[in-house]
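Novice: Chain A is fixed; fit chain B onto it per the hints.
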Amino acid sequence: MTETPERLRRFSRRHIVNHLIMLIAFTGLILTGMPQKFPNQPWAKGIVLIIGGVQRTRALHHFLGTIMVFQLVWAVLENLWFHVAKRLPMPMVPRLQDVKDFFRQVRFNLGVDREPPRMNRYTFAEKVEYLALVWGTGLMVLTGLILLFPVRWGTLVPGEVILAAKAAHGGEALLAVLSILTWHVYFVHLRHWNKSMFNGYLDEEAYAEEHPVELEAIRRGETPEPDMSPVSVTAFAVLAVGVLLLTAVTWLWLTSGRINILTVMNGH
Amino acid sequence: MATGLLLFVWSASSAFAADNSACLECHGSLQQVKDAAEMLGVTVSPDEAERLVVVMGPNCIHGGMGCLGCHPAAEEVPHPANLLTLTGNPCITCHEDVVQVLSHSAHRDPAPGTDFPVQCWDCHGAHVCRKVSDPQSAVAPANVAQRCLQCHDKRSYLAGVHGQAVQLAGLDVAATCVSCHGAHDILAQSQAGSRVARRNVSFTCGKCHGRVAQVYRHSVHGAALTENDNPDVPTCVDCHEAHATRDPRSPLFRSSSPELCGKCHANKAIMSKYGITTAVFETYVADFHGTTAELFQELTPNQPLNQAVCYDCHGFHDVAKVTGEGKAEIEKNLLQRCKRCHPTATTRFLSAWTDHYIPSPKHYALIYYVRLFYRVVIPATIGFFLLYIAIDAWARRRHHGRKV
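Sequence lines, in order, name chains A and B. Going by the working numbering, the first residue of the first sequence is number 28, and it counts up by one from there. Going by the working numbering, the first residue of the second sequence is number 1070, and it counts up by one from there.
One should not assume that every hint holds.
Claimed, not checked - Label pairs and their in silico Cβ distance ranges:
| hint | chain 1 | residue 1 | chain 2 | residue 2 | range |
| --- | --- | --- | --- | --- | --- |
| 1 | A | Thr54 | B | Asp1298 | 56 to 64 Å |
| 2 | A | Pro121 | B | Asp1381 | 44 to 52 Å |
| 3 | A | Leu47 | B | Phe1453 | 28 to 36 Å |
| 4 | B | Ala1348 | A | Phe130 | 45 to 53 Å |
| 5 | A | Phe90 | B | Lys1332 | 32 to 40 Å |
| 6 | A | Arg41 | B | Ala1459 | 31 to 39 Å |
| 7 | A | Thr54 | B | Ala1462 | 24 to 32 Å |
| 8 | A | Leu47 | B | Ala1462 | 54 to 62 Å |
| 9 | B | Glu1351 | A | Leu208 | 36 to 44 Å |
| 10 | B | Glu1351 | A | Arg41 | 16 to 24 Å |
| 11 | B | Lys1276 | A | Phe90 | 47 to 55 Å |
| 12 | B | Lys1332 | A | Trp162 | 41 to 49 Å |
| 13 | A | Leu272 | B | Ala1459 | 47 to 55 Å |
| 14 | A | Gly227 | B | Ala1459 | 30 to 38 Å |
What the hints assert, rightly or not - So these bits of chain A aren't anywhere near chain B, every CB distance computed over 10 Å:
| hint | residue |
| --- | --- |
| 15 | Leu104 |
| 16 | Lys127 |
| 17 | Thr182 |
| 18 | Pro253 |
Honestly, the hints are just simulated from the structure, not real lab data. Just so you know, even glycine gets a beta-carbon here, dropped at the ideal spot from N, CA and C.
Bound conformation, chain A alone:
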């Protein structure tokens, strides 16, 4: 324990950088994506005008989407490294305890219980958000790739799926924006001004309120230790290579056979 009593290290530089990239990409995707979902709205036209046209808006959206794809692949690799190779615990995974914590918190909030639930490193509110992010990014990347290469996907799935992907891409995006504006803004900006995702530290008072179980473990000097073995590292290597290969093959499949629209126009 090297931290000062009033500030405790909560997030590493890796978390901070990941979050920052996500923040920029997410905001950019919303700004370039929403005008495409609501093209008739005056604000949509204003945003597209400021960006400088539909084509640039779309190019930016594709660029930021590609960053999202890289982040998704990176997140998978990271998780494999920490939880397959190093065999560290997975505190983000929801458990039955989280459901209990939720109901206990509601009862406490309504004045039924006298004590609030005592939560660990991640509260149920954080887990909901993380799960939504994982599921949402996966869905957005998948549907986004369908929309980016519709003709390619048309050789594999009925065309209707492409349009369903468009509906899902827009619906999921709206759900994500509204969730961020309500759930995320409330829990990290309004309920408590939580800067830990930017500077890495959370003050003790907030730690004690939101993560008392983890705080006690820290106080006792219990920090999870990696448990690497040749088997676990090999498993990681195999899985990581598999993920990278899958990514590369998917990318090659999507981009092969693509014909530039200008080639088509010149050919006529």
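Specialist: For chain B alone, coordinates are given in the frame of chain A:
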């Protein structure tokens, strides 16, 4: 060349020289007009004096006629005050046939006499009377619009492709006013025999755009007009405009074309007569192509739009009924259209477009249910979030006694 000209001037002047030289003594120059006025003791305004200088223009077809040929009353000197109206229209004497035609045209005398609302010289000029076929005549292709525009406010013609071709490109074969409306036999658009009556427009345009007009007359629009006199279908000028003829190859024409088709196809009153859905426009805008076109049209209307618009799939002059053909035929044709931009498209790809259907449990159910899912899940999730937040904020205020 010079000899020929000399010969012409000599022959013209020798035959009637005596007649005209007498007239030109007073009307030959501004000074002569002023001198004559002074001699006769009458006052003429500077404008009037200028008008009274009458010299026949060069290459005048009537150059051989003496002044008295048209102004017989001018023999009396000093001239009677109502000299110009005294003898009526002098052209009638020789051009009886033209006057007959004019008397049945939109420019006829309401009386009915020969007091036409527009007189021969208003278009042909009086003393500047070149042959009609002379490229410098008042009614030559490059000049005729100027004549008509004096009364008819159709200046947009000059900005249209025809007007620009004639005026800027010097393309005398391009359409001028008379190409479409006729000259002496102009009839109002409301008259059945008019060249610009709705059902005749395609024939008038077809004088130059023959093959296009023929294709149009076989289209669903053209056939309805020429065979059944249908007042709802568009003819050439409804899409291309009559006077401001827009260049259909311009990016603006393309990017604004969905709205053009939408003028009728989004109009419930017209479409209900034919059992055609007005959802075609909104379903197009809701689609990827339409979304792009919509944003394009609004923000960069003059940029070339590479997204499909109505006529890329339906055709334009040859636009046909889509319900008339069998499903297989429609699919075959549609795939061909898709392939023009998506060359690797397959039959499976066709259902990536809803055929203007609004997704429902019957048509495109998958899309319908995905939309329904989000229509339920979004308000439910956000509603739950807000409710939880409200309770949590209220509880924290109670427990901590401070604002959250």
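Novice: Assuming the hint says 41 to 49 Å, is it satisfied by the Cβ distance from Lys1332 (chain B) to Trp162 (chain A) or not?
Specialist: holds (45 Å)
Novice: May I ask you to test the hint 47 to 55 Å on the CB atoms belonging to Lys1276 (chain B) and Phe90 (chain A)?
Specialist: Since Lys1276 (chain B) and Phe90 (chain A) have Cβ atoms about 54 Å apart, the given range 47 to 55 Å holds.
Novice: Kindly confirm whether 47 to 55 Å is satisfied by the beta carbon distance between Leu272 (chain A) and Ala1459 (chain B).
Specialist: Holds - the Cβ-Cβ distance for Leu272 (chain A) and Ala1459 (chain B), about 48 Å, lies within 47 to 55 Å.
Novice: Assuming the hint says 28 to 36 Å, is it satisfied by the Cβ distance from Leu47 (chain A) to Phe1453 (chain B) or not?
Specialist: holds (29 Å)
Novice: Given the hint of 30 to 38 Å, is the C-beta distance from Gly227 (chain A) to Ala1459 (chain B) inside that range or not?
Specialist: Since Gly227 (chain A) and Ala1459 (chain B) have Cβ atoms about 31 Å apart, the given range 30 to 38 Å holds.
Novice: Beyond 10 Å on every Cβ pair: is that true for Thr182 (chain A) relative to chain B?
Specialist: violated (6 Å)
Novice: Quick one: are Glu1351 (chain B) and Leu208 (chain A) within 36 to 44 Å, going by C-beta?
Specialist: 28 Å Cβ-Cβ, so the 36 to 44 Å window is violated.
Novice: Does the Cβ distance between Ala1348 (chain B) and Phe130 (chain A) fall inside 45 to 53 Å?
Specialist: holds (47 Å)
Novice: That 56 to 64 Å hint for Thr54 (chain A) and Asp1298 (chain B) (C-beta), does it hold up?
Specialist: holds (59 Å)
Novice: Is the gap between the beta carbons of Glu1351 (chain B) and Arg41 (chain A) within 16 to 24 Å?
Specialist: violated (47 Å)
Novice: So is Leu104 (chain A) really clear of chain B, every C-beta pair being over 10 Å apart?
Specialist: Fine: 30 Å to the nearest Cβ keeps Leu104 (chain A) off the interface.
Novice: Holds or violated: 44 to 52 Å for the Cβ distance of Pro121 (chain A) and Asp1381 (chain B)?
Specialist: The hint (44 to 52 Å, Cβ to Cβ) holds, given that Pro121 (chain A) and Asp1381 (chain B) are roughly 50 Å apart.
In terms of the numbered hints stated before, the structure departs from hints 8, 9, 10 and 17, listed from lowest to highest.
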